[in-house]
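Chemist: Sequence:
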Amino acid sequence: MGASIHAHLSAAATANPIAAAFVIIAACLGLIFLIIQEIFKPVGKRRPPRGKKWKLPPGPRGVPIFGNLLYLRKVREDGGHRVHNDLAKYGEMTTLHLGSKTWILLNSKRVVSEIIAKRGSLTNGRSPMPIASGIVSRNGRSLLLPPSQWMEKRRVMHSLLSGTAMKHYGSWQELESTQMLAEYLFQPERWYRHHYRYANSVVHRIALGERLVKSGKELAELQDVVTQFVDSIGASLVDWFPELDKLPRMLQPWRKHWKRLGDWNEEVYRSWWIPAREKVENGTAPPSWVRDVLLHPDTKFTGNDQEAMYVALQLLEAGSDTTREALNIFAMAALSCPDKFQKAREEVDSQCSTTENFRLPGIDDLKKMPYICAMIKELLRWRPIFPFTPDHVLTSDMEFEGYSFPAGVGFVINGIPVCNECEDPEDFKPERWLDGYETDAAHGLWQFGGGRRICVGYRLAFQGLFINVARLVFCYNYEAAGPYDPKRLNHHKTDEPFPVKATSRSERHIGLILEEGARLGVLEDAKRLI
Numbered sequence: 001m002g003a004s005i006h007a008h009l010s011a012a013a014t015a016n017p018i019a020a021a022f023v024i025i026a027a028c029l030g031l032i033f034l035i036i037q038e039i040f041k042p043v044g045k046r047r048p049p050r051g052k053k054w055k056l057p058p059g060p061r062g063v064p065i066f067g068n069l070l071y072l073r074k075v076r077e078d079g080g081h082r083v084h085n086d087l088a089k090y091g092e093m094t095t096l097h098l099g100s101k102t103w104i105l106l107n108s109k110r111v112v113s114e115i116i117a118k119r120g121s122l123t124n125g126r127s128p129m130p131i132a133s134g135i136v137s138r139n140g141r142s143l144l145l146p147p148s149q150w151m152e153k154r155r156v157m158h159s160l161l162s163g164t165a166m167k168h169y170g171s172w173q174e175l176e177s178t179q180m181l182a183e184y185l186f187q188p189e190r191w192y193r194h195h196y197r198y199a200n201s202v203v204h205r206i207a208l209g210e211r212l213v214k215s216g217k218e219l220a221e222l223q224d225v226v227t228q229f230v231d232s233i234g235a236s237l238v239d240w241f242p243e244l245d246k247l248p249r250m251l252q253p254w255r256k257h258w259k260r261l262g263d264w265n266e267e268v269y270r271s272w273w274i275p276a277r278e279k280v281e282n283g284t285a286p287p288s289w290v291r292d293v294l295l296h297p298d299t300k301f302t303g304n305d306q307e308a309m310y311v312a313l314q315l316l317e318a319g320s321d322t323t324r325e326a327l328n329i330f331a332m333a334a335l336s337c338p339d340k341f342q343k344a345r346e347e348v349d350s351q352c353s354t355t356e357n358f359r360l361p362g363i364d365d366l367k368k369m370p371y372i373c374a375m376i377k378e379l380l381r382w383r384p385i386f387p388f389t390p391d392h393v394l395t396s397d398m399e400f401e402g403y404s405f406p407a408g409v410g411f412v413i414n415g416i417p418v419c420n421e422c423e424d425p426e427d428f429k430p431e432r433w434l435d436g437y438e439t440d441a442a443h444g445l446w447q448f449g450g451g452r453r454i455c456v457g458y459r460l461a462f463q464g465l466f467i468n469v470a471r472l473v474f475c476y477n478y479e480a481a482g483p484y485d486p487k488r489l490n491h492h493k494t495d496e497p498f499p500v501k502a503t504s505r506s507e508r509h510i511g512l513i514l515e516e517g518a519r520l521g522v523l524e525d526a527k528r529l530i
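Letter by letter, the sequence shown follows residues 1 to 530 in full-length UniProt numbering.
Accuracy of the hints is not assured; some may be wrong.
[Stated by the list, open to error] Listed below are the simulated DSS-like cross-link pairs for lysine-lysine, each with C-alpha atoms no more than 30 Å apart in a straight line:
no., residue 1, residue 2
1, K343, K167
2, K89, K109
3, K246, K256
4, K167, K74
5, K367, K41
6, K343, K109
7, K527, K279
8, K367, K343
9, K109, K53
10, K259, K74
11, K487, K501
12, K527, K214
13, K279, K340
[Claimed, not checked] Ranges between beta-carbon positions, derived for each pair:
no., residue 1, residue 2, range
14, K256, V75, 25 to 31 Å
15, A407, W254, 25 to 31 Å
16, Q306, P146, 53 to 59 Å
17, K368, P188, 24 to 30 Å
18, S171, K53, 57 to 63 Å
19, V230, A26, 41 to 47 Å
20, E114, R519, 46 to 52 Å
21, D440, R50, 43 to 49 Å
22, K217, E356, 45 to 51 Å
23, K217, E524, 15 to 21 Å
24, E243, E524, 55 to 61 Å
25, R154, W254, 27 to 33 Å
These aren't lab readings, by the way, just hints derived from the structure by calculation. Positions of the beta carbon are idealized from the N, C-alpha and C atoms, including for glycine.
Could you put the whole structure together from the sequences, leaning on the hints where they help?
Modeler: Put into structure tokens, the structure is as follows:
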């Protein structure tokens, strides 16, 4: 039989050599395609061990090799989050095959709680990202690191969660917030820059020990570092096909571009890190997390200087950028929902604007102002900062409600449908959080992540948001200074994200801001152009 086929092929090749060549080329290309498809077969589609069978939730059909990757890229252009909601139509979980990775989108609070929180010991991994985590971040940003590289960094950051730290850092948050109120007074048109200056300065003082004295240009650079790092996540096919990182360097032309970004990132980081580290070394550093925890000999941090730098500077990144964005969302809510703003003001006035008492809200008011706390949780639900969380990768196989998931599958919180799992989701209703857990930022809300990977500073961030939201409600009025779309916040712009006119509430409130600013010595700093 084989001889007969060979004879027929030989005859065909003799009769029509061009057609024969075409057939051979097509066969070779087909073989190459099958080999590539096998090499990049995603987790969940690979052959299971003997006796096992993987069963994943339903999801949209993809294309060979790329899977749903081309579809997912629409997310970057989807300001209305239609893609997130469409993907939730498959049920509480949706399977996406993305290059050689597999994501299971978690579309309801119930499955998020079951898989991310209750099974956090199994779902605390991260998938490899050779570009965003490797080249751009020098494997230093713990957000994207697997447990083996993450746990030591998490250990030294854990002190930020303690009650003692919260109380100690609260006075710094109040001071920087007072300066922000004065900045609003002197430069109201730069309201959005004041949000970032506040957030960065607080985290700078906690991490590095000193009040922020950086220029506007240096602040903008650090914000650009954050923006470009976030934009790099998943931007390269190599992060979806990490096997490509094993190719010889001469076959990786993309490295040059991403290395330039990583070099610039590290250069900006070093301009902030080296002065702080040198003060610790020569004994002139003020109290700080870097001096008293990270670089303290009793802590026994096992990382080198570069790793210490990334641990410290990622605190500035994460702590400053998310707080800035949350305060921008507050400004949008003030424009869009004046009735809720007024209700929040009435609560603050009941504590801070009485016959016997006229003062700025402070840390000690947090438990006395449940509506302000509920408003903060609603800000994070109403306009989620993180539509997708980083993947929580299974570190071993797992069975769940009839499904069988292999190790390596990533579970991702689909933030839009999860946040919209309530009555009238498009309405801004702080009342929905008045449930006795108003002061617990993680209860019923997943914007800080969950499980063992929950944001290490989420309590500190919530405390800072409380101080600022309560004070801005108390002291300032907001109105639109032009047309705006309440769904488009434009967080990543360094100019005004949407048009706002902020005005002081009264002469009495102006006097209070100036009095407190003078007492704390922040008025001159507030007058500086930033």
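Chemist: Look at each hint and say if it fits the structure.
Modeler: Evaluation of the provided hints:
no.	hint	in the structure
1	K343 to K167	holds (28 Å)
2	K89 to K109	holds (15 Å)
3	K246 to K256	holds (16 Å)
4	K167 to K74	violated (44 Å)
5	K367 to K41	violated (52 Å)
6	K343 to K109	holds (28 Å)
7	K527 to K279	holds (28 Å)
8	K367 to K343	holds (17 Å)
9	K109 to K53	holds (27 Å)
10	K259 to K74	holds (26 Å)
11	K487 to K501	holds (18 Å)
12	K527 to K214	holds (15 Å)
13	K279 to K340	violated (47 Å)
14	K256 to V75: 25 to 31 Å	holds (27 Å)
15	A407 to W254: 25 to 31 Å	holds (28 Å)
16	Q306 to P146: 53 to 59 Å	violated (18 Å)
17	K368 to P188: 24 to 30 Å	holds (29 Å)
18	S171 to K53: 57 to 63 Å	holds (58 Å)
19	V230 to A26: 41 to 47 Å	holds (43 Å)
20	E114 to R519: 46 to 52 Å	holds (50 Å)
21	D440 to R50: 43 to 49 Å	holds (46 Å)
22	K217 to E356: 45 to 51 Å	holds (46 Å)
23	K217 to E524: 15 to 21 Å	holds (20 Å)
24	E243 to E524: 55 to 61 Å	holds (56 Å)
25	R154 to W254: 27 to 33 Å	holds (30 Å)
Hint check: violations occur at hints 4, 5, 13 and 16; the rest are consistent with the structure.
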